[in-house]
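Undergrad: These are the residues of each chain, in order.
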Amino acid sequence: MTDFLKPMVEIEHLHKTFGPETAVKDFNLSIAEGEFVTLLGPSGCGKTTTLRCIAGLERPESGEIRIGDEIVVSPEKDIYLFPEHRNIGMVFQSYAVWPHMTVFDNVAYGLRVRRASSAVIKKQTTRALELVGLDQLAERYATKLSGGQRQRVALARAIVYEPKVILFDEPLSNLDAKLREQMRDEIVRLQKEVGITSVFVTHDQSEALVMSDRVVVMDKAVIQQIGDPQTIYANPVNAFVANFIGVTSLLEGALLGRTGEYCDMEIELGNGQAPLRIQAVGGDGAEQGSSVILSLRPEDITLHTEAPSGTSYGNLLEGSVIDTVYLGSFLECRIQVGSHEIGIQIDHFEQLEPGQKVFLTFQPNHGLALAS
Amino acid sequence: MSTETLPRTVERSLWANRLRSLLTQENIVTIIVSLIVGAAVILPLITLFISSFKVLDPLGWDTTWGFGNYVTLFTDRIIPKAFVNTLIISSGSTILATVLGVSLAWINARTNCPGRDYLEPYNLIPFFLSPFIGAIAWHNLGEPQTGLLNVWAREIFGFEGALMNIDTIWGVVWVTGIFFAPLVYLFVVGSLRRMDPSLEDSARTTGAGLVRTTMTVTLPLVMPGILSGAIIVFVTSAGEFGVPFKLSAPYGWETLTTQIFSKAVGDDANHFLGATMAMSLGIITVFLIWIQQRYIAPRSFTTVTGKGFRPNVLDLGQWRWVAFGYNLSFIFVAVILPIACLIIVSLHPVWTGKIVPEAMTFNNYVKTLFFWREDSIQAATNGIVNSLILAFGGSTIAMVMALVVSYMIHRTKGFGVRLLDFLSVVPIGFPGIVLAMGVLVTYIQTPIYATLWILMLAYITRFFPYGQRNISAIMMAISEELDQSSRMAGASWFTTLWRITIPLLKPGIFAGWILLFIIFLRELSISIILFSTGTETLSVGVYYLTNFENEPLTAALSMAQTVVLLIAIYVFRRVAGREALTA
Amino acid sequence: MDSETQSGTYLEVQNLVKWFGDDPAVDNISFGIPKGAFLTLLGPSGCGKTTTLMSIAGLHSIDSGRIRVGDVVYTSPKEGLFLPPEKRDIGMVFQSYAIWPHMTVTQNVAYPLEIRKVPQSEIDDRVADVLELVGLTDMAEKMATQLSGGQQQRASLARAIVAQPRLLLFDEPLSNLDLKLREQMRVELKRIQNEVGITSIYVTHDQSEALVMSDEIIVMSKGHIEQRGGPLEIYSRPVNEYVSNFIGVANLIKGRVTQVTEPGRGTVQITDHGKDIQVACNLGPGISEGSDAVLSVRPENVHAERENGDGASLEGEVLQAIFLGSHVDCRVQWGDFEWKVIAHPRAHLKAGEKVYLRLDPEHTLAVQP
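Chains as they are written, first to last, in the numbering used here: chain X, 36 to 407; chain H, 130 to 712; chain C, 260 to 628.
Quick caveat, the hints were computed from the structure, so don't treat them as lab data.
The beta-carbon is built from N, C-alpha and C at its ideal position, and this holds for glycine as well.
Keep in mind that a hint or two might mislead.
Derived Cβ-Cβ restraints for the label pairs, each shown as a range [as the list claims (entries may be wrong)]:
(1) X/Pro55 with H/Leu695: 37 to 47 Å
(2) X/Asp382 with C/Asp282: 51 to 61 Å
(3) H/Ser608 with C/Ala399: 19 to 29 Å
(4) C/Thr396 with H/Arg428: 46 to 56 Å
(5) X/Ser152 with C/His607: 28 to 38 Å
(6) X/Asp104 with C/Thr530: 28 to 38 Å
(7) H/Ser608 with X/Glu56: 26 to 36 Å
(8) X/Glu197 with H/Val462: 33 to 43 Å
(9) X/Asn209 with C/His483: 43 to 53 Å
(10) X/Ser78 with C/Thr396: 27 to 37 Å
(11) H/Ser608 with C/Phe279: 39 to 49 Å
Here are some chain C residues pointing at chain H (derived, C-beta under 7 Å) [to be verified]:
(12) Leu312
(13) Leu318
(14) Met351
(15) Pro378
(16) Ile382
(17) Gly543
(18) Phe582
(19) Ala610
(20) Gly611
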């Protein structure tokens with residue numbers, strides 16, 4: 036990450052267990068100053084535990100976390116800083132806005148515990164409330180606010196004392212769909228404006244794609260892939276990442292060999308049909324002859340109702356329509372190809388009948404072979 | 130379009146159709162129960178109010194209307210002092226119970242005090258036992274001459290005179306304080322346990338230390354619970370009759386309740402003056418409960434989030450053993466010591482303050498419990514039989530009423546629901562002795578006076594709200610759609626109630642039933658006003674023995690009551706689970 | 260069980276009015292549906308759709324109007340008629356599933372048959388059949404509380420259809436499920452409804468659910484019916500701005516109809532920085548020459564191109580291009596108006612770039628404001 040200067044948060048060999056369960060295993064990550072990093076994964080993958088270790092709300096068994104130049108936890112060196120000594124801000128899923136205080140008091144709290152002068156408190160709190168657009172509601176009690184407003188209070192409260200890092204624990208998941216998108220854009224705008232280093236935890240891949248500079252995909256306590264959103268989407272390193280980010284059809288096959296940048300693959304169709312030969316990109320780490328998985332995004336597949344002439348497309352699949360589901364802006368269509376099911380998206384003007392014979396083509400560089 | 134094919138039903142007259150759609154099972158039951166509840170609650174209160182303006186002439190022959198009784202409250206030789214004493218007792222026991230209740234709740238809910246889950250049920254035992262019997266036990270522990278603790282202090286530690294004198298107004302504060310501590314506990318522990326931990330986590334990440342977080346976030350959030358508990362303790366102490374009657378009244382500290390009692394049944398009985406005192410006590414308590422219900426309970430913040438959370442637990446380090454010791458001491462003082470003392474005293478033929486192992490006998494139990502024997506004591510054996518009848522019958526009837534009332538409050542939108550909701554809160558505001566005065570003046574000239582029925586009526590009126598709350602809590606948690614889908618499946622209202630609603634509410638119904646059973650079995654302050662020869666209850670039996678017989682007999686009957694209560698508590702705990710009582 | 264009426268309308272709601280306090284929740288709506296159809300009432304919360312459903316179910320009374328199914332009048336205040344819910348012979352699936360937690364799956368599903376005093380042997384057969392239909396055969400003896408959300412909803416559906424009621428009512432049955440399960444269940448629900456063929460009314464606020472499942476959709480707002488039609492019709496030919504905005508995402512631009520070239524076609528004049536632009540488009544109902552209209556264009560029907568191919572495109576600047584994996588959500592500034600455009604990720608549009616927006620007359624519609 037060349038756009039960013041120096042690391043603000045460094046995590047090395049982080050390890051945390053709950054009883055017999057390993058929650059986080061050998062987690063390594065360096066987050067640059069001003070960077071927005073998302074930890075993404077299904078529930079129970081260890082993303083929240085990692086975040087709580089950074090916050091100091093959980094104590095890891097081993098590993099080291101540094102914030103700025105300071106070691107905040109290192110069981111090996113017998114160092115553990117309480118959350119209040121780490122100078123961080125955190126936004127929680129349940130908002131955690133204190134119901135017995137006004138909006139102003141909630142936001143001013145961090146400054147008060149830092150013994151700021153009342154003039155500074157007034158100035159900074161007002162500024163933070165303006166940033167989140169709540170300056171009109173400063174004297175309102177938190178219980179009188181809507182969910183979206185509460186989350187804004189929580190956000191203002193976390194940034195008001197200019198912490199080194201701000202941590203987000205699935206802050207949008209309690210909001211309804213429209214509000215969620217709105218708050219998502221708001222957080223991105225605010226983060227860019229304030230330029231604060233951010234770690235964001237979510238299970239929602241679209242949130243991760245939209246908001247992040249970098250995404251850390253986790254599963255089963257282990258990091259699966261780290262990369263910027265485009266890379267993660269276009270070049271997933273394994274089937275888990277391909278399937279978790281976006282929609283994709285996964286077809287098992289075998290790697291026959293390589294022609295230039297392309298892999299030659301063979302896909303079994305079952306039912307005594309001859310195997311299908313196609314070309315795709317990727318296949319890193321797969322041996323010749325070993326089994327690989329082909330990942331195909333619905334938007335990269337073109338549908339033909341008659342056999343396409345010419346060979347501008349290298350890859351041709353023959354199949355029949357299983358069903359189509361009308362989704363307004365497009366139709367989602369499932370196609371049976373041999374023993375596989377492939378999902379595609381088509382315009383809603385096309386008429387397809389279940390059982391109808393169709394042809395699918397895709398360009399070799401749109402198919403991705405993944406080592407299994 | 131096809132209006133000519135109107136169905137047959139229309140041929141009946143319009144009004145017949147309308148009437149038919151009004152006379153549903155639901156509406157009929159609703160109206161009947163509303164009338165019963167309305168009559169039971171409102172009638173005694175109105176009569177009490179009217180009676181307080183009837184002034185008895187000095188000879189006791191005739192009455193005139195006027196404010197004379199209210200003037201007497203201020204001019205009487207004793208009553209103003211009784212007011213002050215009641216105030217001191219209530220304030221003192223509120224402070225003591227709040228300190229104990231909050232600290233125990235915090236230790237059990239939020240620290241790593243060893244064995245906290247096992248200690249909790251024992252912390253709650255005093256809530257179920259009779260404070261009257263607690264007073265009797267503590268009398269035997271702390272009486273200057275024969276009190277066990279004083280005797281031991283003299284004999285073992287060579288103490289001069291008396292270590293303590295429990296027979297004072299401060300003794301009353303002590304006993305009511307430790308017995309009502311679980312009330313505060315129950316109001317506080319729920320909000321401590323269910324508090325969203327991120328409320329505290331966010332204070333920590335914002336930069337506040339543990340102490341600051343506790344003072345600025347945790348404590349303010351449970352404050353409504355603490356205040357509610359404190360008000361309930363204040364009101365309950367003000368209405369407590371047994372403890373001051375045993376410990377302070379005989380030694381010159383009369384309270385409002387002991388004075389109402391003497392005006393109701395004493396030598397200088399004056400029902401109208403008694404009604405006036407009950408009115409003034411009732412106005413104070415109703416006002417306080419109104420404040421609690423209107424302003425404090427709704428501010429309970431934990432109900433805002435509602436979800437279940439795993440609370441943050443504080444590591445006390447070595448201090449956890451101090452917390453453990455503190456917790457054990459409470460159990461020792463409030464449960465073990467009184468019960469042990471009662472057992473010891475009950476085994477002696479006469480009690481002089483000395484334990485005489487060779488003289489020990491079960492004779493006291495024989496005299497009080499074995500009612501077929503000639504030397505059995507009538508009041509005691511009557512009490513056992515009557516209390517069991519009242520406890521079984523009364524709690525059953527009360528729970529049926531409670532079920533219908535909560536169903537109406539939470540499931541119907543019809544008329545009178547708000548009134549019913551209000552009526553089922555009102556009795557909580559009136560101490561038992563006040564309501565009993567109202568029932569006494571209302572029904573004294575009817576045939577039910579001097580029967581068990583009048584006791585049953587008063588018990589149910591006063592206590593059915595507790596049962597109703599047990600059911601309502603569950604009813605609010607289960608979706609109305611469960612009932613509706615049974616109607617849609619083709620079942621009538623009554624079938625739905627029988628096959629869906631009641632089975633779903635079963636745990637709440639049973640827990641409520643046992644709770645009422647416990648309350649009815651130990652009830653004193655209503656019974657003491659309304660009993661007559663032949664309709665004594667268990668607590669009245671104890672009262673009779675402590676007044677006219679001796680301490681060992683009293684202790685024996687007290688123990689019998691305590692054992693039944695302990696069994697009921699055990700069953701309650703098994704049925705209702707840990708969260709059943711927490712407000 | 261009940262004879263069909265001549266007109267073919269099986270369920271008929273006539274002039275239904277229901278007030279809550281001073282607010283009319285449902286204000287004089289009428290509709291009818293043929294036997295076996297699947298109708299969805301769609302609208303935001305508070306539009307009256309659930310009130311309408313509850314009125315049909317008999318879970319509350321109505322102020323005026325008439326509801327009839329087959330030749331049975333369910334409710335008609337004018338005639339003093341109100342059939343209690345249990346006599347209406349309706350199956351209903353609730354948002355909270357409403358599976359009775361004190362019974363097993365079999366007991367839950369058998370309940371409507373027991374109430375109808377069906378012989379035990381027949382109950383066993385029918386429960387087994389219907390559990391197979393919803394795919395819960397293996398769960399038959401489980402307590403309801405042991406089921407997952409999706410399974411509970413299947414059990415709830417089984418219970419609603421087991422007695423083969425006259426009507427099947429759905430009250431937002433999928434809104435408590437998570438996204439993936441929801442998408443799976445709506446296909447499943449539709450399949451089962453098709454198979455049993457019971458006339459169904461489905462209430463939802465989720466437009467994609469309505470589009471996927473329904474034979475017909477009624478779009479409601481503020482107690483009124485805005486439009487009624489098939490999914491494709493509602494989506495591609497909304498009658499007014501409200502429907503256009505509620506179903507899917509649309510760019511809505513105010514303009515005036517300048518010309519009607521042939522029935523249903525014409526041009527609308529819109530204004531960009533004082534410059535008038537004529538846009539050829541389809542005309543919705545009630546649109547005539549000279550009337551004010553709103554142009555409705557779906558984001559997927561706006562084509563953002565780097566070159567001004569035919570010279571008739573709208574010139575704008577990309578404000579924001581949000582990468583969403585399968586597509587890119589773009590905002591394009593054009594005068595004061597912000598266009599929502601869906602672009603292919605491989606077009607690599609970037610914020611700040613100049614683009615030309617091309618509208619396809621076939622997919623541009625003028626509707627009533």
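Undergrad: Indicate, hint by hint, whether the structure satisfies it.
TA: Status of each hint after checking the structure:
Between X/Pro55 and H/Leu695 the beta carbons are some 40 Å apart, a value that agrees with the proposed interval 37 to 47 Å. Our hint of 51 to 61 Å for X/Asp382 and C/Asp282 is violated, since their Cβ atoms are close to 42 Å apart. The beta-carbon spacing between H/Ser608 and C/Ala399, approximately 23 Å, falls within the hinted interval of 19 to 29 Å. In this structure the supplied range 46 to 56 Å holds for C/Thr396 paired with H/Arg428, their Cβ-Cβ distance being about 51 Å.
Range check, X/Ser152 to C/His607: about 51 Å between beta-carbon atoms, so the 28 to 38 Å window is missed. Taken as a hint, the range 28 to 38 Å is violated for the pair X/Asp104 and C/Thr530, whose Cβ atoms sit roughly 58 Å apart. Judged by the Cβ atoms, the range 26 to 36 Å given for H/Ser608 and X/Glu56 holds: they are separated by roughly 33 Å. Distance hint for X/Glu197 and H/Val462: a CB-CB separation of about 53 Å, inconsistent with the stated range 33 to 43 Å.
Between X/Asn209 and C/His483 the CB atoms are about 32 Å apart, so this pair departs from the stated range of 43 to 53 Å. Between X/Ser78 and C/Thr396 the CB atoms are about 29 Å apart, so this pair conforms to the stated range of 27 to 37 Å. At roughly 20 Å, the beta-carbon separation of H/Ser608 and C/Phe279 lies outside the given 39 to 49 Å, and the hint is violated. The beta carbon of C/Leu312 comes no nearer than 11 Å to any beta carbon in chain H, farther than 7 Å, and the hint placing it at the interface is violated.
At a threshold of 7 Å, the smallest CB-CB gap from C/Leu318 to chain H is about 6 Å, leaving the interface hint in force. A hinted interface residue such as C/Met351 counts as satisfied when its beta carbon comes closer than 7 Å to some beta carbon of chain H; here the least separation is about 4 Å, so the hint holds. Interface hint at C/Pro378: violated, since its Cβ lies 16 Å from the closest Cβ of chain H, which is beyond the 7 Å cut-off. Interface restraint check: C/Ile382 against chain H, minimum CB-CB distance 13 Å, threshold 7 Å, status violated.
Taken as an interface hint, C/Gly543 does not check out: its beta carbon lies about 28 Å from the nearest beta carbon of chain H, beyond 7 Å. With 7 Å as the threshold, the beta carbon of C/Phe582 stays out of range of chain H, its nearest partner Cβ sitting at about 31 Å, so the hint is violated. Because the beta carbon of C/Ala610 sits about 34 Å from the nearest beta carbon in chain H, more than 7 Å, this interface hint is broken. Nearest Cβ of chain H to the Cβ of C/Gly611: about 37 Å, over the 7 Å cut. The hint is violated.
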